[in-house]
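> Take any residue in the sequence shown, count from 1 to its spot, add 10: that is its number in the working numbering.
Hints in this document: simulated from the structure, not taken from any laboratory.
Note that the structure is predicted; figures quoted are calculated from it, not measured.
Below, simulated DSS-like cross-link-like pairs (lysine-lysine); rule was C-alpha separation at most 27 Å, straight line: (1) Lys-15 <-> Lys-59; (2) Lys-48 <-> Lys-59; (3) Lys-17 <-> Lys-59; (4) Lys-48 <-> Lys-15; (5) Lys-48 <-> Lys-17; (6) Lys-67 <-> Lys-17.
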Amino acid sequence: MYTEKQKVRVMMCTSLYRVEGDMYIIPGSRLTDMFNVKTHDFFPLTNAKIIHSLEDKVLYELGFVTVHRDSILLVFPVEEDLKEKK
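My request is simple: use the sequences and hints to build the entire structure.
Put into structure tokens, the structure is as follows:
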């Protein structure tokens, strides 16, 4: 069964890396709703970039990656105006 989803560009920060990618959420739900569901140990991202936090260098560009719940320190939606400030 297909469930319609909304694409949200997010940044996930771990201890060493920033992972930017597209996450898919149910329309009308909040990004935090995804993280409050304890049955998800991994969060899938598409069109992802893995960036070394200290060197601010893109290490990988991947079509798909998953990030483990326990490694995430911070997550937020990436707004277009935020990207322009880099």
